[in-house]
Amino acid sequence: MRENIAHLFGVTTENLRRLISIALEEGGEYADIFFEHTVINELSLRDDHVNKAGSHIDYGVGIRVVKGEETGYAYSEITTMAEMEKAARYAAKIAASKKSLALPLENRLMEGNDFYPIKKGWEEFGIREKLPLLELLNAKIHENDGRTSKVRAAINDSLSKILFYNSLGETYSDIRPLISVMASCTMEQNGRRESAGASRSFRAGFEILDESLMTELALSIVRKGAFLFDAKQPSGGEMPVVMGAGSSGILLHEAVGHAFEADFIRKKTSIFSDKMGRKICDGNINIVDDATLPANRGALNYDDEGVPGQKTYLVREGILNSFLHDRISAKHYGTAPTGNGRRESFRFMPIPRMRATYMESGNCTEEDIIRSVKHGIYANDFSNGQVQIGAGDFTFYVKSGYLIENGRLTQPIKDINIIGNGPQTLKEITMVGNNNIIDNSTWTCGKGQYCSVSCGMPTVLVKSLTVGGSV
Amino acid sequence: MLYGIDNNRNEIECARFVLDYLKRKGAQARITLNKGRINTFSVLNGKQDKLQMSNDRALNIQIYSRNRYGAFSTNRLEKNELEKFLDNAVYATSLVEEDDARTLPEEKLYYRGENPDLGQFDSSITAITAERKKEIAYEICSQMEGKSKYLVSAESEYNDYIDYQYIIDSQGFEADVIQSAFDVSAQCSVKENGDARYESYWFESSLHFKDLDYKECGKQALERGIEKFNPAKVKSGKYNMVVENCCASRMAAPVINSLSGALVQQRSSFLAESLGKKVFGKNVTFIDRPHRYGMAGSRYFDSDGVATKDLAFIENGVINNYFIDSYYSRKLKMDVTAESPSVPELICGEGTGTDIASVRDLVRFMNSGILVTGFNGGNYNGVTGDFSYGIEGFFFKGGEIIHPVREMNITGNVVSLWNNFTAAGKDPLKWAKWQIPSLAFENINFNGK
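Chains A and B, in that order, are what the protein sequence lines are.
Taking the working numbering, the leading residue of the first sequence gets 1, the next gets one more, and so forth.
Taking the working numbering, the leading residue of the second sequence gets 472, the next gets one more, and so forth.
Note that these hints are calculated values from the structure, not bench results.
Among the clues, some could well be false.
Claimed, not checked - Quick list of simulated restraints, FRET-style, between CB atoms:
#	chain 1	residue 1	chain 2	residue 2	range
1	A	ASP274	B	ALA601	34 to 44 Å
2	B	GLY590	A	LEU168	48 to 58 Å
3	A	LEU168	B	ALA601	22 to 32 Å
4	B	ASN701	A	MET276	22 to 32 Å
5	A	SER464	B	ASP806	45 to 55 Å
6	A	LYS374	B	ASP806	51 to 61 Å
7	A	LEU109	B	TYR621	42 to 52 Å
8	B	ASP647	A	LEU109	44 to 54 Å
Said to hold, decoys possible - Listed next, the stretches of chain B that the computed footprint assigns to chain A, with coverage defined by at least 3 CB atoms under 8 Å from CB atoms of chain A:
#	segment
9	554-564
10	852-859
11	875-889
12	907-918
Where is the CB? At the ideal position from N, CA and C, for every residue including glycine.
Given the sequences, and given the hints that come with them, work out the whole structure.
Printed below as a string of structure tokens:
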């Protein structure tokens with residue numbers, strides 16, 4: 001245990017052992033304790049001025065007790081022993097056998113993973129350093145396109161200090177950085193308005209914020225905005241859809257990822273519940289959920305129940321290879337947890353969640369994929385998605401793309417929802433590009449609680465999806 | 472116990488300490504204490520699943536210093552921690568650029584009333600035993616368990632909440648408000664043939680325990696799940712659309728949200744420059760009634776302390792008002808109206824017969840079309856009003872439900888949508904902050920097969 005982090009929460013190893021012992025007093029089979037101290041700093045720009053600063057501290061401890069597949073949970077924002085013991089006793093009530101487990105004599109310190117490279121620590125840099133970068137971003141957006149009438153931009157950075165201990169004697173501490181730069185603009189032309197935005201997010205140090213990032217972000221935003229003046233909603237209906245490389249990973253997140261989360265599998269509510277080991281798509285397809293991508297928004301040294309971050313093949317050569325497990329589901333299936341037990345904060349109990357979910361590259365070129373489509377759409381910018389786990393129906397919202405006519409990109413399109421069925425869509429991915437890109441936008445996944453995630457995808461062809469549009 | 476100033480003395484003293492400290496530093500400020508408690512008990516397939524207790528309290532601190540602004544929050548309320556935090560906050564605020572619009576509201580706008588009861592707190596909440604809460608969750612689960620051969624999984628949950636808020640600012644505004652809430656939910660998964668498991672969810676809520684209507688919650692979820700069996704795609708085309716009350720606010724949201732002063736000032740709303748203009752059909756009227764007794768969204772003052780009032784923000788299709796708070800009133804040189812709606816209601820003008828009350832009445836009234844009972848993703852473009860949403864629901868003909876639909880989208884523009892608004896029920900959900908009844912529209916683009 002890093003003693004400085006234990007000191008931050010005012011606890012000793014003896015305190016932690018006592019709290020876990022109390023948590024197990026009613027017969028719980030497993031217990032863990034999760035301390036968190038998060039500081040979020042915000043700086044934002046509107047109307048060409050950096051005119052709002054903010055800082056937010058969130059501090060507390062969550063205590064969980066598991067008995068079978070049942071969970072007791074309580075948290076406290078006050079880390080005196082009296083308050084924490086009260087929380088431990090409440091969580092303990094989930095069990096009622098009075099058969100108390102003994103703790104191991106030795107603790108096991110977990111260390112070694114380091115997926116958040118930091119050269120310049122966030123605590124050493126403040127508003128004075130960030131403000132010129134926001135001004136630069138604003139100036140670049142205006143410079144790039146004279147039609148820009150308004151710019152909104154923000155830099156948010158957070159640093160979470162975590163201390164974890166469980167009834168197996170396992171302990172780790174982690175310092176998790178998360179930086180996001182976001183901007184959007186309104187552009188006006190001949191009485192018409194369009195708005196576009198983009199963001200970048202990393203688990204990295206202050207060195208990630210530099211002129212090149214601001215320049216790249218500004219260009220991306222302005223290109224998106226300018227594109228929209230020529231775009232329109234297309235005719236809708238069933239048609240082939242080419243998903244461009246990068247943020248198309250939202251398809252995997254919605255169509256596959258959620259339905260592979262093993263709490264849904266354990267409850268038999270996912271459409272993939274009885275598909276383990278079966279062929280579910282083309283043999284060229286490999287789908288991964290990965291905590292080990294350095295500096296990635298979905299990276300995790302250890303998950304929120306003490307399992308090391310790792311790379312998990314969900315689909316290998318078209319075969320369903322693994323679900324996304326937390327400790328409870330892993331025990332249910334007699335397998336090892338995959339490091340997917342995550343939580344928004346100490347206020348929430350951990351549940352299976354994605355990290356960075358992507359498809360590995362295939363063999364086709366993007367040009368060949370587009371050329372194979374007679375009439376369809378090409379989608380490459382997305383805002384949000386959703387899935388019905390049991391029926392398998394998923395959707396994602398396309399901000400922009402193109403019509404494909406006779407193998408060529410033609411009319412720009414925008415603002416359409418696409419809907420499909422997960423298992424069916426997987427089967428209908430018939431071409432996989434050789435150009436996988438991990439998208440570094442500020443993807444956030446909601447499942448009763450929020451988690452930072454990311455996604456990636458090579459260009460793929462889906463033979464048929466239902467596309468929104470005029471009729 | 473969480474009731475009134477006496478029971479929150481320590482945290483309120485913290486808020487006052489923060490205000491005094493900032494005054495001594497030469498800053499104006501507003502301090503908001505939010506304190507809450509949540510109790511949760513959930514059941515999975517007839518067995519207890521989760522037991523959770525949550526207690527939160529945090530101070531939100533808005534600093535206005537020489538036309539500079541910062542917004543801060545912390546849940547570390549120890550004095551030495553607070554002093555360090557406030558010193559950093561004052562320093563951070565001093566580094567941002569000046570903004571003339573960043574000051575506290577004009578004092579004449581503050582709520583200065585006696586805070587008469589809005590019927591939002593049930594003081595019996597602390598007397599409800601853990602056993603009673605468990606009984607309710609088990610009873611809801613039992614309304615599904617063993618009641619259908621198609622059932623795969625049944626979950627139920629009981630939650631109760633106490634939310635207390637205290638606001639104090641350096642112009643002398645000081646007020647507090649407390650609200651309780653009780654809710655129950657039922658969720659089930661049902662399966663007939665094939666791999667698909669159809670999920671269904673039902674939710675009931677109330678501000679008072681005695682009004683919590685949980686007797687049919689599980690039954691509703693189960694019936695709505697089974698109704699989804701054997702869905703079919705309908706051919707793409709223009710159809711009448713009826714939207715059930717449980718999801719009708721999704722149709723109102725692009726209209727109400729786009730009246731935000733922030734979006735208007737940023738030229739990011741399709742309703743910017745629409746003030747005084749007729750944009751929607753003449754049967755479209757939205758009124759905000761913030762003082763309705765016993766409603767979840769009711770309030771006498773907003774988060775700035777500004778008094779709320781009735782506001783007909785859209786009347787007969789004409790945009791009457793934007794939602795303008797103190798900051799955007801200065802930016803836009805417009806009067807303060809309200810920072811956001813409290814209890815907005817849709818009033819349907821001519822076109823709706825007096826005999827139409829429920830969603831079933833609307834289905835009969837529209838004769839044929841698609842009944843939307845839920846949305847699956849989708850979004851809208853706030854600048855243009857273009858939208859596209861995934862839907863679930865039922866195809867109906869001759870006023871009767873024919874079959875469920877699957878994998879379909881609706882696509883169009885919010886302005887034309889609300890010009891095609893035809894009729895409304897009289898059935899807004901009693902617990903909802905937005906009082907939007909079931910709705911009917913004609914000539915809507917549906918994308919299917």
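A quick look at each hint next to the structure:
no.	hint	in the structure
1	A:ASP274 / B:ALA601: 34 to 44 Å	37 Å, holds
2	B:GLY590 / A:LEU168: 48 to 58 Å	50 Å, holds
3	A:LEU168 / B:ALA601: 22 to 32 Å	29 Å, holds
4	B:ASN701 / A:MET276: 22 to 32 Å	27 Å, holds
5	A:SER464 / B:ASP806: 45 to 55 Å	53 Å, holds
6	A:LYS374 / B:ASP806: 51 to 61 Å	57 Å, holds
7	A:LEU109 / B:TYR621: 42 to 52 Å	50 Å, holds
8	B:ASP647 / A:LEU109: 44 to 54 Å	47 Å, holds
9	554-564	holds (count 5)
10	852-859	holds (count 7)
11	875-889	holds (count 6)
12	907-918	holds (count 3)
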